[in-house]
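Trainee: Residues per chain are reported as follows:
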Amino acid sequence: MPVFRAFVALVIALSALVAAAATPGVSDREIVLGSIQDLSGPAAMLGSPVRDGMLLRLEEANEAGGVHGRKLRMVLEDSGYDPKRGVLAARKLLDHDQVFAFLANFGTPVVMATMPLIVEAGRPHLFPFSPHESTYSPLHPLKFQIFAPYQRYMDAATRYMVQSRGYRRTCLLYQDDDYGLEVLKGVEAGLARVGQALVEKTSYKRGATDFSSQIARLRAADCDFVVLATVVRETIAAMSEARKTGWMVDMLVTASGYSAQTHELGGMAVDGLYAVSVLPHPYAAGANRALADWIKRYRARFGVDPNVWSAMGYSIADLFVRGARAAGRELTVARFVSALEHLETTRDFFGSPEYHFSGEDHLGNRYGRLAQIRDGRWVILTDYLK
Amino acid sequence: MLSLIQVLTSGIAIGCVYGLVALSFVLIYKATETVSFMQGELLMVGAFAAVALNAGAGWPLWLAAATAVAGMALLGAMLERIVLRHAIGQPHLVAVLLTFGLGLIMRGGLTTVPAASHDIYRLPFADRVLQVGALALSFSHVLVIAATAALAVVLAVFFRHTRAGLALRACSENARVASLMGVPVEAMHTLAWALGAGLAAIAGVLLAPITFVHLNMGLIALKAFPAAVLGGLTSLPGALLGGVFLGVVEALAGLALPEGVKDVVPYAVLMLALFLFPDGLSSGWRGRR
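These protein sequence lines map, in sequence, to chains A and B.
0 is the number of the first residue of the first sequence in numbering that gives the first Met the number 0; add one for each residue after it.
0 is the number of the first residue of the second sequence in numbering that gives the first Met the number 0; add one for each residue after it.
A couple of the hints might just be wrong.
[Unchecked claim] Only pairs whose alpha carbons sit at most 16 Å apart, straight line, appear in this in silico EDC-like list of lysine to aspartate or glutamate:
id, chain 1, residue 1, chain 2, residue 2
1, A, K204, A, D177
2, B, K29, B, D262
3, A, K70, A, E59
4, A, K204, B, D262
5, A, K204, B, E258
6, A, K385, A, D374
No lab work stands behind these hints: they were computed from the structure.
All values derive from a computational prediction rather than experimental measurement.
Use the sequences and the hints to build the structure in full.
Mentor: If you want it as structure tokens, here you go:
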């Protein structure tokens, strides 16, 4: 009975369509992911390697046959670090591209503006580049994070440094915005726990070029330990200024200053600088075999050397792949969330921390480790500081 | 006292860079009555061009820097010929928006180059420290100050003693009369844009050892614009001095005033200066007209 057969086929096809429509971004053949990056704004230098790292992992997953037979496709939008453009991008990714989940959205202002839209639409908001507490707390079923607030890392790192090296006069140079204030809170908390207080603090505005007055001020306060809430360029400028004037004080920078660029550009002036690291920089020299292989693949694909941001992008995409694999063939948001909540990873070839989520805690890692520049490269000094 | 002098020299060096960018603003404004919003981008592209020729193509530093500056001057001239000339006779806003858009294009174009958007670069200037008694001066700061002084002399000679310089000045005084006197006004416009772009590129190359070469180095134009206004927007020496003044005030305020005040000071000074000398500081010391 050809008519009956056609009818059955039609019903099956329709029900398949309905099932596919039930979970946006998931079809028989592919899973669509969205990411809002900064590819042209002030953080493009970080956004581009994050994008490339993610693309590399997704392409590898696809070459290996995808996740349960589905290929992974990422739709990237550029916010230029502008929340207004971020919101437009989020709308487009939600309504037009119908993405299954958002990965690694970049920048606190953009994340704050777009996260409510995304979770309201019922899409997972995964591992944004925004060390802001609201990305995982209070607990929300769709919000997952692997980067802890700066406050946490800096509290532990300051405490460790003061305790192990016996500093008496800790000072702070910070960027005059949310980032700097958060580090300030962390440093103060860490010092309070060892019975000390901040001796002097001084700030600068984003884009500042000259740090001579700040360094002169800190030096006048007779600091023996300076914490830097700076980014790469300011870290080098501040430390070079101190060294130039013969001030050999110990300095510790946040994870924002932990970059190969810091020693490549800073040269001898930044030798001895301490930093908090959440993921080691992927150096080609002395790399283990898996890492060396990864660096080669990255170079072949993008024509540039990977940096720590590429590694982060890769790790984030890898966590998604693991979660989606664990969720099984019948991929829905609920299944994916549940799979992620039971996910536990071990250290990978980058030397990453163990990521671990649960039903009560969606922050995968809250620890950083100490590193120091020795002979022109970062050397990891400690394990993850609890 | 020592720290005061130390901070002062840094302030002067940064001020020189402000001054050079301010100079490029004023040069263009005087000759074409257009406020160019792409000076920051020209500065950045110029510095990247120097990096590309030096690190990428392996040219010696001086040749790479000179070629980058010359190339940017050429680009400025081309932009005038191809795009900005069409804005003559239109409302002022058209030219301003055109420069804004051209700036966005330059920036966007550069972000499509992975090597440019992934990394910060340095030009291999010696990062030595010159020890003068107890004073430690970084070589890059001394270089900036010396180069700015040399450039000021060259520009002064150009504007006073060469035909092109005199013609350019004539144009900016009164384009119509200059035209009647046989000055090729259109060619002078091209020259002004070329000089403006070249100056921005020089500022970019000089800024490179201080802040490195990266996508956002053009933000310094935000500081240079107040410097240009401080100088009266029509005075070339005024722009240069305005820049140095701003740099010094900024540096000293950071040292002497309470935490957080220093960032307000340049703008407070600007407001005060505009209030007292509405035509700029240079008119102030020439006597108020």
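Trainee: Next step is simple, just say for each hint if it's right about the structure.
Mentor: Comparing the hints with the structure gives:
no.	hint	verdict
1	A/K204 to A/D177	12 Å, holds
2	B/K29 to B/D262	30 Å, violated
3	A/K70 to A/E59	10 Å, holds
4	A/K204 to B/D262	7 Å, holds
5	A/K204 to B/E258	12 Å, holds
6	A/K385 to A/D374	28 Å, violated
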